[in-house]
Amino acid sequence: MWHRLRGWGRAMLSCAVLLGAVSGVAEAAVIKNIVLVHGAFADGSGWSEVVQRLQGRGYHVAVVQNPLTSLEDDVRATERVLDRQSGNVLLVGHSWAGAVISQAGNSRNVRGLVYLSALAPASGESVNGLLDRLNAPMRGLTPDANGWVWLDDPQQFHTVMAGDIPLAKARELAAVQQPINVAAFQGTVSHAAWENKPSWYLITENDHALATPVQTQIAQHMQARVSRLYSSHLSMISHPDAVADFIDAAAQSCK
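Plus 112 on top of the position in the sequence shown (first one is 1) and you've got the numbering used here.
Hints listed in this document are in silico derivations from the structure and should not be mistaken for laboratory results.
Please note that the accuracy of each hint is not assured.
Across the chosen pairs, the derived CB separations fall in these ranges [unchecked claim]: (1) A257 with S365: 28 to 36 Å; (2) S365 with P255: 24 to 32 Å; (3) E184 with K144: 35 to 43 Å; (4) T300 with S198: 27 to 35 Å; (5) S302 with L279: 35 to 43 Å; (6) E184 with Q329: 22 to 30 Å; (7) R340 with R245: 19 to 27 Å; (8) S365 with L279: 20 to 28 Å; (9) N258 with Q364: 38 to 46 Å; (10) A257 with A361: 25 to 33 Å.
Where is the CB? At the ideal position from N, CA and C, for every residue including glycine.
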């Protein structure tokens, strides 16, 4: 009888250890960290309303401040933030930052990638190469003598980036916009993380910066999980609730 009880006790202990291990694995798989990466003609403050909403849902949120000097520099800035996260990460990129997260997303703690109206070069491809492949070259943005592309005219900023945002707010955003160096568009993604990690894509359907059909082609090529939103290019500012919902849903389904 005693031997039986001792055997039963060992079995119960083994089950407890196993359940604890399974629980630990499940806990480790939960996405608690969200890293947000801004695009060109912007800075990290553009995420403020989305950050507030995600924090309210219990996420730890960090925002990258891209120098916008080159693809390599922006990837390095993103990797520095990723290195500071404890646990799994959902990596989110807007517009130009889609190229950045396609490379930086190879970091081991990144479990999934979210693209908002974003560029997503394939392995061995640059943003220029991607747009040429899609027959959608950038037009109307001419670099200055030092190679910087600006979008600091308030009316142009409103028209291109923020048609569903009040003009007064667009003027404010144009005042704090950050130029991007034209060399960034020539940087090549060595391995696109979306090729082997789950991805989500939010297509904006009133977008005058990256045309909706181009976004659709990108999302289809990635085989991303897609949602659509009638929004300008700056959806995180004009529709922060919808964007936060989209990111949250991706985090919840990223296993």
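Hint-by-hint comparison with the structure:
1. A257 with S365: 28 to 36 Å: Hint violated: Cβ distance 47 Å, outside 28 to 36 Å.
2. S365 with P255: 24 to 32 Å: Since S365 and P255 have Cβ atoms about 40 Å apart, the given range 24 to 32 Å is violated.
3. E184 with K144: 35 to 43 Å: About 29 Å separates the Cβ atoms of E184 and K144, which means 35 to 43 Å is violated.
4. T300 with S198: 27 to 35 Å: holds (31 Å)
5. S302 with L279: 35 to 43 Å: holds (41 Å)
6. E184 with Q329: 22 to 30 Å: holds (26 Å)
7. R340 with R245: 19 to 27 Å: holds (23 Å)
8. S365 with L279: 20 to 28 Å: violated (37 Å)
9. N258 with Q364: 38 to 46 Å: Since the Cβ atoms of N258 and Q364 sit about 44 Å apart, the hinted range of 38 to 46 Å holds.
10. A257 with A361: 25 to 33 Å: violated (45 Å)
The structure is inconsistent with the numbered hints 1, 2, 3, 8 and 10, although it conforms to all the rest.
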